[in-house]
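Student: Listed below, chain by chain, are the residues.
There are 2 protein chains.
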Amino acid sequence: MAAAGWPVCAQSLKGVILDMCGVLYDSGDGDGVAIPGSIEAVQRLKRSDLQLRFCTNETQASRDRFVAKLQRLGFDISVKEVFSPAPAAVSVLKERGLRPHLLVYDGLLPEFEGLDQTNPNCVVIGDAAEKFSYENLNDAFRVLIGLDKPLLFSLGQGRYYKETDGLKLDVGVYMKALEYACDVKAQVIGKPSPTFFQSVLNDMGIQPHEALMIGDDLVNDVGGAQSCGMMGVQVRTGKYRASDERHSSVRADGTEDNLSRAVDLLLHHRGQ
Amino acid sequence: MAAAGWPVCAQSLKGVILDMCGVLYDSGDGDGVAIPGSIEAVQRLKRSDLQLRFCTNETQASRDRFVAKLQRLGFDISVKEVFSPAPAAVSVLKERGLRPHLLVYDGLLPEFEGLDQTNPNCVVIGDAAEKFSYENLNDAFRVLIGLDKPLLFSLGQGRYYKETDGLKLDVGVYMKALEYACDVKAQVIGKPSPTFFQSVLNDMGIQPHEALMIGDDLVNDVGGAQSCGMMGVQVRTGKYRASDERHSSVRADGTEDNLSRAVDLLLHHRGQ
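Heads up: the protein sequence lines correspond to chains A and B, in order. Heads up: the first sequence runs through residues 404 to 675, numbered per the numbering used here. Heads up: the second sequence runs through residues 404 to 675, numbered per the numbering used here.
Calculated from the structure, these hints are not laboratory results. Please note: incorrect hints may appear among the correct ones.
[What the hints assert, rightly or not] List time: in silico BS3-like cross-link candidates among lysine-lysine, alpha-carbon distance up to 25 Å:
{"id": "1", "chain 1": "A", "residue 1": "LYS565", "chain 2": "B", "residue 2": "LYS552"}
{"id": "2", "chain 1": "A", "residue 1": "LYS571", "chain 2": "B", "residue 2": "LYS588"}
{"id": "3", "chain 1": "A", "residue 1": "LYS534", "chain 2": "B", "residue 2": "LYS534"}
{"id": "4", "chain 1": "A", "residue 1": "LYS565", "chain 2": "B", "residue 2": "LYS588"}
{"id": "5", "chain 1": "B", "residue 1": "LYS571", "chain 2": "A", "residue 2": "LYS534"}
{"id": "6", "chain 1": "B", "residue 1": "LYS534", "chain 2": "A", "residue 2": "LYS571"}
{"id": "7", "chain 1": "B", "residue 1": "LYS571", "chain 2": "B", "residue 2": "LYS588"}
Here chain A stands alone, though its shape is the one from the complex (with noise of 0.2 Å):
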C-alpha cells in the first residue's frame, strides 16, 4: 500500500497503540525530551472517538516511575493505559506458578515483589545492563541448566539501542548468549510478541484489524503489529533509519515523519 493511501484505510479503526521511546519521546540524560508536536497529538487522539493505548519494551524502570516521568515531560498518560514486559510477565508467572530467578535492572525489581522467588524453576531476564556481569550471567545460567526443562523467559529481544555516551547491548544479546548455553529457546515477553500485542487488544475490547500500532522500530513495532493482523505505521523519529523504507521483509503501512503527521492525517480521514 503506497504511504500516502494508509489514512483512508484507518477510517474504520477503533484504537491506536503508540510506541513510547522514539515516539512520544528521546531517551537521554535526566527524564530526556519530548519530540515535537507529541504531547499535543496524544490530547488530540484522547478526544478523538478512538480509544488509545501505549506499549513499550522499556525495562529499566518500573511501570510506574516510568509513567510518572512522562508526566513530568507533559504527555497526559495513566498507568493503565501502558503495557510494558514485566507486568506481562508477572501474569504469566501467576498463571503458571513459576517461581523466578530474575536478571533484571534494580530499578525493575519492584515490579516482581510478591512472587514466590525461592527455588527457582524459571529465569526471567531484562535488560540488565551492568548487571550483565560474567557472575550474574552464569548463575542464571546454573539456575537453567540445572532443570529438568530449562525455562526462559526474555523481557524484549533487542540487540542494542542508543544512549548519549554511545550504543548499548540490549536484552536480546544475553537472551542468544543463554540459549546457546543451555540449547533452549526463550520465551519473549514484550513486542513483537502475538501475546502482548492481544494483551493490549483485549484490555480495548477490539479485533486486530480494528487496530493502528504507530512506532518507530520497523521490526519489533510495525512488523509485529502486522503480524497479528493489525496496521503499522512507521514515524521517522527515535530509531528510525532511511534503509527501513527499503526492509527485505517488512514494510510499513505507511510512514510519516512523526506522530504529529501520522495523528493529522488519521484524524482528517475520520473527519475530526
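Chain B: place on chain A using the hints.
Tutor: Below, chain B alone, put in the same frame as chain A:
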C-alpha cells in the same frame, strides 16, 4: 564401524593427535591431576614409529605456561608439539594485517605481544571468564559495530566447562552474543575448525587419512577430526557422557575407557 574394529583400521596411521584436558589430565585446584596411565601412554607413543602432536582449545594461559603445567604433572611434552588457538589466531592476524581488539583472559595476553592493537579492525574473544563484564563486552561490540564489515574471531565455541566450584560459561556463549548484536558470523579458531586441524597435519607432513585424533569431546574432537577426513576415537574420561555413544549426528570410530587403553590397542595392532 564397531568400536572393537578401529585399531585394525589404524594400522596404516602415521600420526596421532591428542586432546589434552580430560584426556591427559583433569583440571582443578592448582595444576589439576594426571589421568592414571596417561603419562605412560604418551611415553609409549613417543617411543613408537608414530608422530605425536597435542591439540587443545585452552585459552586461559599462554602456551608456554600451559605446557610448563603439563611438564610439572609428569608429561614428556614440549611447546612446539602443542597446538592451541591463540598462536593460530596470531598467525591469521599477521597474515591478514589485522589489528585486534582483544577480549581474552589476562594470562593469554602475552601470546599477542608484538601485534599492533591500535585503531583495531577486528575483535578476538577467548574464554575471558570474569573479564566478560557488561562494559568489556560492550566495548568489543562498539568496535565491531563501528567497522564497515564487522570481523569477529572466537578462540573456540564451547558452551560451558566444569570447574571445582561448578559449571562456568565458555567463550561460545559470548561469541553468540556478539554474533546476534552485530548480525555477523564469527570465525572460530581452534577445534573443530578444519583450518586448525589442518595446521597440525601440515606440521606432521601427513594426510588426514593417516592421522588419528583421540579426545573426550565428541563434537569438537571426534566430529571435528572426522569432518577433516581423520579417524576419531573418544575416551571415557573428562567431559565424556554415556549419552555421547547414542549421539544423533557424531559417531566415534571407537570408544575406549581411557587414553592408556586406546594406546594399548593401537600399538598392539601395529605389533609394537
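Student: Kindly indicate which numbered hints from before are broken by the structure, ordering the numbers from low to high.
Tutor: none
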